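Starting from the structure of chain A, add chain B where the hints point.
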Amino acid sequence: MADRTGINDIVKDENLVYKKTSVLTDRVMHYCPGCGHGTAHRLIAEVIEEMGIQADTIGITPVGCSVLMYNYLDIDMQEAAHGRAPAVATAIKRLMPDKFVFTYQGDGDLAAIGTAETIHACNRGENIAIFFINNGIYGMTGGQMAPTTLSGMKSSTSPYGRDVQMMGNPLKMTELVAQLPGTWYVTRQAVHTPASVRKAKKAIRQAFENQKLKKGLSLVEIVSNCNSGWKMSPVEANKWMVENMFPFYPPGDIKLEGRLTGKE
Amino acid sequence: MKELKLMKGNEAIAEAAIRAGADAYFGYPITPQSEILEYLMAEKPHERTGMVVLQAESEIAAINMVYGGAACGRKVITSSSSPGISLKQEGLSYIAGSELPCLVVNVVRGGPGLGTIQPAQSDYFQAVKGGGHGDYRLIVLAPQSVQEMADFVDLGFELAFKYRNPVMILTDGALGQMMEKVWLQEQKPRRTSFPEWATTGKTPDRERNIITSLDLDSAEQEKFNLRLQEKYRKLEAEEVRFELTDAEDADYLLVAYGTSARICQKSVRLARDQGIKAGLLRPVTLFPFPKKPLKELAGKVKGIMTVEMSTGQMVEDVRLAVEGVVQVEHYGRMGGIIPTPEEIVDALGKNFLK
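Just so you know, the protein sequences line up as chains A and B, in that order.
Following the working numbering, the numbering of the first sequence begins with 1 at its first residue and continues without gaps.
Following the working numbering, the numbering of the second sequence begins with 1 at its first residue and continues without gaps.
Simulated from the structure, these hints should not be mistaken for laboratory data.
Possibly wrong hints are sitting among the right ones.
Said to hold, decoys possible - Within a straight-line C-alpha distance of at most 27 Å, the following computed DSS-like cross-link-like pairs (lysine-lysine) qualify:
1) B:K129 <-> A:K212
2) B:K44 <-> B:K181
3) B:K354 <-> B:K129
4) B:K354 <-> B:K302
5) B:K188 <-> A:K99
6) A:K215 <-> B:K181
7) B:K292 <-> B:K129
8) A:K214 <-> A:K201
9) B:K162 <-> B:K266
10) A:K263 <-> A:K99
11) A:K99 <-> B:K44
12) A:K214 <-> B:K188
Quick caveat, the model's predicted, so the values are computed rather than measured.
Extracted from the complex, chain A is given alone in its bound form:
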C-alpha cells in the first residue's frame, strides 16, 4: 500500500528533529501535570548528554517533591537529608575534583532548613552547581508556607495570606549568595515558555561548564509553579507566576564571571 501519510519518511533517522535524551530514564515521572520539575530534569539530562559527561556526573537530590529525581536521571545519584545537599556535594567534589557535581533543591530545602549549608558552600566557593527550584511553597508536604512564599500569598500554613509582620519576609536567597566571594555565576531563570526553557538550558549548561574553570560555585534559580499547591490550573499557575513571582523574583543574570551585574 502506498504511504500516503508520509509516516515512513518521518520516522527515518535523517528526519529526526528531536528525541528524548538517553540520560533520562523511561520511568514515568510522579510530578503533577503542569509542574516545572519535569522540564528542569530534562534540561539537566540533555546538558549532561550533550557535554558527554554521564560517566563523570554525580547528582544530589533533596528532600521535597524532587527527592525521587534519581529515578529519572541515568547517572549516579545520592539522596541527601533535608537541606544538606551542599554539604554532601562539597565532600564529593573535594574527593573527586574532576567530576561534575550538582545539587537539585527546592526552596524549603535550600532557603529554610539548608540555609547554613547553602551559604557556606557558596562562600567556600565549592566548584559545584546548585539548581534551585523556587515555587514559593512546600509542595511535597501539601502546600505549606516556604521561606520564599510571597507577602500575602496563601498556603496551608498561611491560609489568610503571608502576614510578613507575623511570619517574616520572603527570602531572596539567590541575591544573597550572589554577594559572597565564592560564587562565580548566579542567575535566575524560568521554564514556563519555550523561550524561557531555551534560556534556562543555556544557564544550566553554563553551570556545568563553569566547573572546569574551578573558579567557584554556580547557582541557577528556576522560578517555577506549583499548580497543585497554589490550587490553580497549570495555565492559571503560570500566569500567576509571571504576574506575582516575577516582580519579586525577576529572571535574569545576577552574577557573571564573579561580577555582580547590577540586578541584585
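Just chain B now, kept in the frame of chain A:
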C-alpha cells in the same frame, strides 16, 4: 615504618587516621576533642597522602560531608564531643539507612545540655541504641588507652566497610587529653579502587548507583529493616570483643569500659589485696555487646557491679544479658568526676558484703 610516640589520645586518633589511609576528615571544633582537627590541619595530610581535611560550618554539615564522601566509597572520618554528636544524629540515621561505612569518634563530655567539658560516659545510650530516628545500630568500639585510640581507627574502618555500617569510637575527655606512649602503624596507601555500590560516576559498563534511605513501598521498607536486623545479629554472632581480668575465679564481677575499665583494673587488685575475689569484664565492643560471656560468668559469681561515669546506662544491658541470674548493681560518678579505684572497692563492699 612503625613508630613509637608520646601522644594525646586525640592526636593519636588523628595520626592513626592518616596512617590508615583515610580519604577525608570533616569536623567542627568542640572541647575536649578539637586537637583532632588541629593536629590534622598542622600535619597537612593533603601533602602526606592526599587526604582531604575540612573544617565544616557545623557538626550537621560535617556529618553530611561524611555521607557524601562515604557514598563515593571513600574512607571518611569525623569526630566530635557529646553536644556535637547529638547534632550528628540525623546524619548518622541517614548513613545507617543508606548502609554507608564511616568512622565517627565521640570524645564524651558530661551532659545533659552544654553540661561540662570534663570526661563522662553518659552517651552510652545514644551510642549503642541507635541515637537517631529509626531501627538501626552503630558498631561501637570503646578504647581504654591511647594505644587503642589509635588501633581502633584501622579496626573501625575495617568493620565499617565489611558491614557497610557506621562505626563509632566511644571514648571520653580523659582518654582524649591524656598522653601515653603509642605504637603507630606503618602508612597504609589510600585506596585506588572503590566498592561496586559507590557513586563514582556511571560508566557504560554498569547500571547507575543510587544512595538513598527512602523507600515509599511499605513492604520493601519492612524487608530492608529485616535485612538490617540480620546484619546486626551477624555482628552479635561474629564481632563481639571483650577482655577479662581475674574473672576465672571471681566471686564479684566488675563490668566497665573505657576509662572506667582502666580504673577498675586497679580496683580488682586492691580488692584482692583485701581478700575479696574481684574480677573484671571489659566490653571492647559496646555494640555488639558481650551478652554471652556475661551470662556465663553470671552463673559463677555472687554479684555484678557496673562502673560507669554516668548515672547507669550500660547497667541496663548487663541486667538484660544476665536475665536475673545474679544481683546487678551500679556505681557511677557524674559531671566530669572520675572515680578512684578505692571508692569502687568501697562501693563493691557496700553493695555485696554488708
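Cross-check of the supplied hints:
1. B:K129 <-> A:K212: 45 Å, violated
2. B:K44 <-> B:K181: 23 Å, holds
3. B:K354 <-> B:K129: Not satisfied, since the Cα-Cα distance of roughly 35 Å exceeds 27 Å.
4. B:K354 <-> B:K302: 13 Å, holds
5. B:K188 <-> A:K99: 25 Å, holds
6. A:K215 <-> B:K181: 45 Å, violated
7. B:K292 <-> B:K129: Roughly 18 Å separates the two Cα atoms, so the pair holds.
8. A:K214 <-> A:K201: 21 Å, holds
9. B:K162 <-> B:K266: Given pair B:K162, B:K266 is violated - Cα atoms ~36 Å apart, limit 27 Å.
10. A:K263 <-> A:K99: Outside the cut-off at roughly 31 Å; violated.
11. A:K99 <-> B:K44: 24 Å, holds
12. A:K214 <-> B:K188: 30 Å, violated
Against the hints set out earlier in the document, violations occur for numbers 1, 3, 6, 9, 10 and 12.
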